[in-house]
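Spelled out from the first residue to the last, the chains are:
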Amino acid sequence: MPAQQTTKAHDGADGGRVVLDAGDISRALIRISHEILERNKGAEDLLLLGLHTRGVPLARRLADNIAQVEGTTVATGELDVTMYRDDLRSNPTRAPHRTQVPPGGIDGKTVVLVDDVLYSGRTIRAALDALSDLGRPAVVRLAVLVDRGHRELPIRADHVGKNLPTARSERVSLRLVETDGEDEVRIQ
Amino acid sequence: MNKHLLSIDDVGADEIQEIFTTAAEMHDVQSRQVKKLPALRGRTVINLFFEDSTRTRSSFEIAGKWLSADVINLSAKGSSASKGESLRDTVLTVTAMGIDGLVVRHGASGAAEQISRWVDVPVINAGDGTHEHPTQALLDAYTLTRKLGTLEGKHVAIVGDLTHSRVFRSNLKCLTKLGATVTAVAPPTLMPAGVGDWSKAAGFSVSYDLDEVLSGSRRADAVMMLRVQRERMSGGFFPTAREYTVGYGLTRDRLARLEPGTPILHPGPMNRGLEISADAADALDSAVLDQVSAGVAVRMSVLYHLLAGEETS
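Top line first, the protein sequences correspond to chains V and X.
Going by UniProt numbering, the first residue of the first sequence is number 1, and it counts up by one from there.
Going by UniProt numbering, the first residue of the second sequence is number 1, and it counts up by one from there.
Simulated from the structure, these hints should not be mistaken for laboratory data.
For clarity, every value in this text was computed on a predicted model and none was experimentally measured.
Just so you know, even glycine gets a beta-carbon here, dropped at the ideal spot from N, CA and C.
Incorrect hints may appear among the rest.
[Said to hold, decoys possible] On the chain X side, residues computed to face chain V include the following (Cβ under 8 Å):
#: 1; residue: GLU18
#: 2; residue: HIS27
#: 3; residue: VAL34
#: 4; residue: LYS36
#: 5; residue: PRO38
#: 6; residue: ALA39
#: 7; residue: SER80
#: 8; residue: ALA81
#: 9; residue: SER82
#: 10; residue: GLY84
#: 11; residue: GLU85
#: 12; residue: ASP89
#: 13; residue: TYR304
Make the full structure from the sequences, and use the hints.
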């Protein structure tokens, strides 16, 4: 147990502070789903594109929420930006994840990029480049579960689950049932 | 991953799987309208070919270009090598221009490895003499994995001029590394010397009877036909082309007896009518063109893993 640990009931075994629990995450995603629908005036031509890794299940959850509200299915896809990263040369290479868009492509669609945590904005910059190689969407928007600030590029999100003021030295760890077995956002 | 790809020995089974995972993504890029990824932007690759090649050189060129690298082709014909410049001088000259990677094909076994000692950029062996051709083996194994689902426990027959074949040597290492068993089939004169010692290795056996390998309970799950090099027919390795075809060619008759769904591979160029009949080459189960398109994807993957990331020492 780390010495600096506080006595809050939320504190888990691996330290840090829980800032969003499963209920908070679920409510934030429902709100974002409504915002997306409101902004788009319905679910038409909508494509929710999740960024690997945790943006992918988030995009699916948003699509499920929208399906419940509107009674229609919304197209989802997944986008990997490994090849487009500007720090490719400073890390060992790793195999890219799947990039998958619906058969109709992204031309003319309202693409909502979905990511877990918005930080420097560099991933989103890479995603915008990747998108332009896949086609020409009518509109691109950005939905994130957590915005922790410290942007290094002129990028902002259209839909934010939770604004989380952090110090650069802090670590935001986001866990999802699909990838990690539980829903939780924690600051360490 | 190792800095160079000189032999299949340079990659472990896990790394091969990683190369395949990346290649599968690269394969999708081939069907896009914009066939470009920025991973190697600003990097320069030289294809240094001292031997003729169509598909290997062009697929390395396409692979590099689709990853946004600048690719320069140099062949021995038309270069200073034909004026008597030594291999070392040619290599040092081109690397002094500030390139980031070398793809080398050379008629001498071990040439790529020798070159890798002279330069400090990654070297990819695109075929050295009768030694190895690792990217061909990787693309063959990748093609087979996509056809068969997995290579674990599968039985692959490699048939043809095995003595002179670097494709055979690389494939034998690669396929057995991925859990397949390999049967080498060739007339005794075209079986590499000392093959008896190799067959002690796990998952490898030798046969002189193609029909036996293609039938029965232990029949091959895939057949790889290798080229008989017509220029060597004068070497007395077999009496006539016709006799070779009867004994070891994938003829129309053998094709008809093949279990449906058995992939037929050939690295090319094919001698139709000699080691492979036109019927087999164009059969539904022929994977020859799949190999060509896999060639680009796998080479993109190899270039990406060797050149895109942080420099490893």
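Enumerated hints in conflict with the structure, sorted upward: 2, 7, 8, 9, 10, 11 and 12
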